[in-house]
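Visitor: If you're matching them up, the sequences are chains A and B in order. Quick note: the first sequence uses the numbering used here, first residue 120, plus one each step. Quick note: the second sequence uses the numbering used here, first residue 16, plus one each step.
It should be emphasised that the hints constitute simulated quantities derived from the structure, not laboratory data. We put the beta carbon where it would ideally sit given N, CA and C, even for glycine. Among the hints, erroneous ones may be present.
Claimed, not checked - No more than 25 Å apart at the CA atoms, straight line, and that leaves these computed lysine to aspartate or glutamate pairs for DMTMM-like:
1. K17(B) to E191(A)
2. K791(B) to D681(B)
3. K599(B) to D350(A)
4. K26(B) to D127(A)
5. K205(A) to E191(A)
6. K17(B) to E160(A)
7. K169(A) to E141(B)
8. K255(B) to D681(B)
9. K205(A) to D67(B)
10. K791(B) to D570(B)
11. K791(B) to D369(A)
12. K17(B) to D127(A)
13. K791(B) to D634(B)
14. K791(B) to D600(B)
15. K791(B) to D370(A)
16. K17(B) to D243(A)
17. K791(B) to E134(A)
18. K17(B) to D161(A)
19. K17(B) to D122(A)
20. K791(B) to D161(A)
21. K261(A) to D317(A)
22. K17(B) to E278(B)
23. K255(B) to D242(B)
24. K599(B) to E355(A)
25. K791(B) to D461(B)
26. K169(A) to D318(A)
27. K17(B) to E392(A)
28. K457(B) to E539(B)
29. K205(A) to E136(B)
30. K284(A) to D350(A)
31. K457(B) to E349(B)
32. K205(A) to E349(B)
33. K205(A) to E141(B)
34. K599(B) to E392(A)
35. K568(B) to E591(B)
36. K205(A) to D161(A)
37. K95(B) to D24(B)
To be verified - Partial list, derived from the structure: chain A residues whose beta carbon lies under 7 Å from chain B:
38. Y123
39. G146
40. E160
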Amino acid sequence: MGDYRQPDRLEEALEALIRPHAVLAGGTDFYPARVGRTVEEDILDISRIKGLRGISRNGAGWRLGATTTWSELLAADLPPLFDGLKQAAREVGGRQIQNAGTLAGNLCNASPAADGVPPLLALDAEVELASRTGVRRLALSKFIVGNRRTQLSPGELLVAIHVPKHATIARSSFLKLGARRYLVISIVMAAATLEIADDRVAAARVAVGACSAVAQRLPLLEVALVGAPFDSRLAERVEPVHLAPLAPIDDVRGSAAYRLDAAVTVLRRLLAEVAS
Amino acid sequence: MKVAFTLNDQKMDWCGLPATRLAAALRDDLGLTGTKVGCDAGDCGACTVRLDGRQVCACLVAMGQMAGRTVETVEGLAAKDGRLAALQESFLTYGAAQCGICTPGMLMAAHDLLSRQPRPERAAVEEALGGVLCRCTGYSKIVEAVLAVGASKPAVIPEAGGAVGARVPRVDGVAKITGRDLFGADVMPADTLWIRVVRSPHARARFTVGDLAPLRARLAAVLTADDIPFNGYGIYPDVKDQPVLAAGQVRYRGEAVLALVGERTAVLAVRDEDVPIAWAPEPPLLGIDAATVPQAPLVQADKPRNLLLDGGVRRGDPAGAFARCTAVAEGMFETSFVEHAYIEPEAGWARRVGDRIEIHATTQTPYMDRDEIANVMRLSPEAVRIVPTACGGGFGGKLDLSVQPLIAVAAWQLGCPVALVYTRPESMAASTKRHPARVRAKFGCDAEGRLLACDVTATFDTGAYASWGPTVANRVPVHAMGPYAMPNVRTWGEAFFTNGPPAGAFRGFGVPQAAIAHEAMMDELADRLGIDRLEFRHRNALRVGDTTATGQKLDHSAGLPQCLDALRPHWRKAHEEVSAFNAKDGPRRRGVGIGCMWYGIGNTSMSNPSRMRVGLSVDGVLTLYNGALDIGQGSNTIMTQIVADAVGLPAGQFALVSGDTDLTADAGKTSASRQTFVSGRAAEAAGRDLRRQILRLANAGADARLSLEGTVLTVRDGTETHSLDLAKVGPLMGEGTFDPPTTPLDADGQGIPYATYAFAAQMATVEVDIELGTVKVLHIVAAHDVGKAINPTLVEGQIEGGIAQGLGLALMEEYLPGRTENLHDYLIPTVGDVPEIECLLIEDREPLGPSGAKGVGEPGLVPTAPAILGAVHHATGVRAHRVPLLPHRLREAILAGKGRKA
Chain A
120 MGDYRQPDRL EEALEALIRP HAVLAGGTDF YPARVGRTVE EDILDISRIK GLRGISRNGA
180 GWRLGATTTW SELLAADLPP LFDGLKQAAR EVGGRQIQNA GTLAGNLCNA SPAADGVPPL
240 LALDAEVELA SRTGVRRLAL SKFIVGNRRT QLSPGELLVA IHVPKHATIA RSSFLKLGAR
300 RYLVISIVMA AATLEIADDR VAAARVAVGA CSAVAQRLPL LEVALVGAPF DSRLAERVEP
360 VHLAPLAPID DVRGSAAYRL DAAVTVLRRL LAEVAS
Chain B
16 MKVAFTLNDQ KMDWCGLPAT RLAAALRDDL GLTGTKVGCD AGDCGACTVR LDGRQVCACL
76 VAMGQMAGRT VETVEGLAAK DGRLAALQES FLTYGAAQCG ICTPGMLMAA HDLLSRQPRP
136 ERAAVEEALG GVLCRCTGYS KIVEAVLAVG ASKPAVIPEA GGAVGARVPR VDGVAKITGR
196 DLFGADVMPA DTLWIRVVRS PHARARFTVG DLAPLRARLA AVLTADDIPF NGYGIYPDVK
256 DQPVLAAGQV RYRGEAVLAL VGERTAVLAV RDEDVPIAWA PEPPLLGIDA ATVPQAPLVQ
316 ADKPRNLLLD GGVRRGDPAG AFARCTAVAE GMFETSFVEH AYIEPEAGWA RRVGDRIEIH
376 ATTQTPYMDR DEIANVMRLS PEAVRIVPTA CGGGFGGKLD LSVQPLIAVA AWQLGCPVAL
436 VYTRPESMAA STKRHPARVR AKFGCDAEGR LLACDVTATF DTGAYASWGP TVANRVPVHA
496 MGPYAMPNVR TWGEAFFTNG PPAGAFRGFG VPQAAIAHEA MMDELADRLG IDRLEFRHRN
556 ALRVGDTTAT GQKLDHSAGL PQCLDALRPH WRKAHEEVSA FNAKDGPRRR GVGIGCMWYG
616 IGNTSMSNPS RMRVGLSVDG VLTLYNGALD IGQGSNTIMT QIVADAVGLP AGQFALVSGD
676 TDLTADAGKT SASRQTFVSG RAAEAAGRDL RRQILRLANA GADARLSLEG TVLTVRDGTE
736 THSLDLAKVG PLMGEGTFDP PTTPLDADGQ GIPYATYAFA AQMATVEVDI ELGTVKVLHI
796 VAAHDVGKAI NPTLVEGQIE GGIAQGLGLA LMEEYLPGRT ENLHDYLIPT VGDVPEIECL
856 LIEDREPLGP SGAKGVGEPG LVPTAPAILG AVHHATGVRA HRVPLLPHRL REAILAGKGR
916 KA
């Protein structure tokens, strides 16, 4: 039977990580990976570390603590910039999962279909990684590098997600396509953040999930959106060629060809919605 | 680790390993088994509790995180004095609990909502319950119950003689809504050892087992094929082809190879890689084509061509008749393996009692289990006692043995109780599935739309072992022409072994697959001739006086025309609404579709008797000894209602003993929609027998009225009143049997396969997103001829639950070994996927049935997929030839051009 550490302070947690530990917070990915067998690895339970929980505002933007749950995010008073992330939060599992699962857990689990990743990519989020030797920040797009693979080094803990503020008005949205209404893994999902100035798109960030090992931003589409009037005709700017960064696979939920085809529709609807 | 927390308003101290799941601590350490475990992965929500006032899955919470926190479980819902909460009352009254395994989770999720929002709208209820899966109810009555809390109608309490036809609450309902009902994993003696089964990771392989001594040193025992006295079981007396533990070769992924027996933590700590098995995988035969190519390797050495069984029905001259047809439609339709996905995984425990073995397990068929275990253990059937636990859903999947032989053999050998509880992936990998089918159909009619001929070949993938494959292959040819008068018929059923999971019994025994084909043919012919699809079916519907394709004259109770008449106004209204919607532009298109079915009640041309007993003791206790197992469908209540009216005493006065093979007579298996019809008729006979005895003792006439108070039975006959003191009269026992009259089918399939048939017609309205290929079912109206609804609430519950499974079959369910062995990759409908359902009950009395009743267990499912697929065609022009019609399949078909194959 392994060790179970439950520190109150981050420093103790980082000290514990001198040795490898399975990190436990909401348990929504930890336990499903251990069905029908005893838990034997050393566990670092970070749920008691107050500094890792909750959402705060600073001069540069917002800090989303690692163990903030989806429900806490939904209850937080946040500007429309976060509408897309909140829409994603409502689509994570059922209420039970939203009440327990954490934002950082979703990122560290690094599923290609993680609901939190496209909206956070579209928010230009960075992750804050702490270890005994210091703290570093990494763009989320650099943090997740493959199916279930991240840049988290041994001894490091994801302690917060940072979302930068914008000089202009920003709007965001999220859309998920699945084969049933609740508790469903995405076939395709997309998120967009548009910055608006003079009723035109000043900057755009659009990301698609479940269509490649890691959710991808779509730079060509983002370029095509900049300068466009901010209205529902934004949808017309989406072209299949914009999907070049995607590399979907055939799996039990859908074919690769379908994913690319559906991604165009999902993106068009997403942009129509964000501009409505 | 010591943890202090608050549980249902009480301070609690718990001590154990911090990584222990809250669900396990509640159940195993604190004795609160009301919280159920369905997946241990947050996929099903059965373990939903409230933690600090929010619903969570107790299987995902570490006890190490519980210090100072507050938990509410189902056991805390009722008041301390036992008074039920309004929510529980509402669940009881509205029939929201069927098997009851998801009920605690549903209650806690609903409680969570109501604590914030006392009068929620439907959408809020769906959002709140979206994380709890139910496989029985189709969610309708659950949502209804939550919406009605506080404004709930009072429960029906019928008087003597008024039980049949009344919406009586389930007699076992209070146990289900308080968490007190005990399922397979809920109660075990303290000294019970545990089994973990080592299963094959390969679909086809040879293997050798290495030195087990190191494992045996760590554990109480390691069982191999050599430990099983007779290592073969199977449904049919002459086909015992499935080993309890594989001997040197495996034929499907998930097949049991070894059983590790020991302390629970000890067996669960053994990893597969620690078990010395040397595998030699071979290329598996997956799918019908692989198994039927010439020179294909054999799955079962004694089954040439991999053929399990074939046979059919022939009547008239189909070839000649097709030549005379004005319109002929043809098509091929394919279906997938479908998982039962009962929320209770297989579970139970056994103990040796002297020279007998006693098995407490979840099952649909205690007497078949008894005989099968006796055969496996080489004991006499009398040496085996089956004590069924509450069954958390079956749908056919708990007709086959699962945990029983291993716990029995281990308990017998070791002399102590032994338990086995499947994990969700294990349940999905090991258990039987619905047969994948390939149905080739050709139907023709004359210019007036009268059906003249059909030719149907249904080919089934029966997987690695026979299981119920013969039942499917026999039943389908009788039903494959659909519920229509058809003068010229050729139908053929055939089942082939493959290295897929054993395909067995699943609600409908192949008929749902065949119905997809015959209903598509009806639509095509109707469209071809420009006849309304409902009217086309009405014109051809079997009715009283018609002769079926097996040569059986239907003398009574063939209510399909009435079902269609009842649907007609809904059908017309739906067409108007759909046309209005489709007049608007946009990517969403609506359509309406219809499906019809008939279903023979009970075994096909085989005896399937039931025997029931009802006793009146010297203490004045009325007891129904009921061997008809309630797997959620409500037979405990149905039998009580029937027997109560037959005796003439109030249903509320009957106690129930259910399923225990030492205490109840054989009432057959809970399958083939047979319990209401067959066991119900036996219960009616038993009740009448007891009544006759009472009337004789009182020398009273047939119309006498009875009442029972204490030990005094009062018989009022006209103006005369007799009082019988039961203490003096002595105990009375009424008994009844019934075996539906059938005859064998001859080589051409001619004969009387079933004593009666259920009929149904359902219509579905759907909205298709043309650009994404998604289908949202908006509304279903279901008209079912049930003969007589003994309990309309329970009948509706069967129909609604069947519809949800039919919806899953049509749109989302596909079991792929190794790929969808959990409840997040294998999708069953959630509360947000099942539309509002309107049930129209048609009562075309069946003289053989109790009070005229037939069965309804399977019929609810059969017409749903055809109705949905017909609606998709109406909306898009795409005819689905393969189900499930997943979004990518439908979108690809839409892109390929309207009206082409999906």
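Visitor: Could you work out which of the previously given hints the structure breaks and list their numbers from low to high?
Guide: The structure breaks hints 1, 2, 7, 10, 13, 16, 17, 20, 21, 25, 26, 27, 32, 35, 36, 40; every other hint is satisfied.
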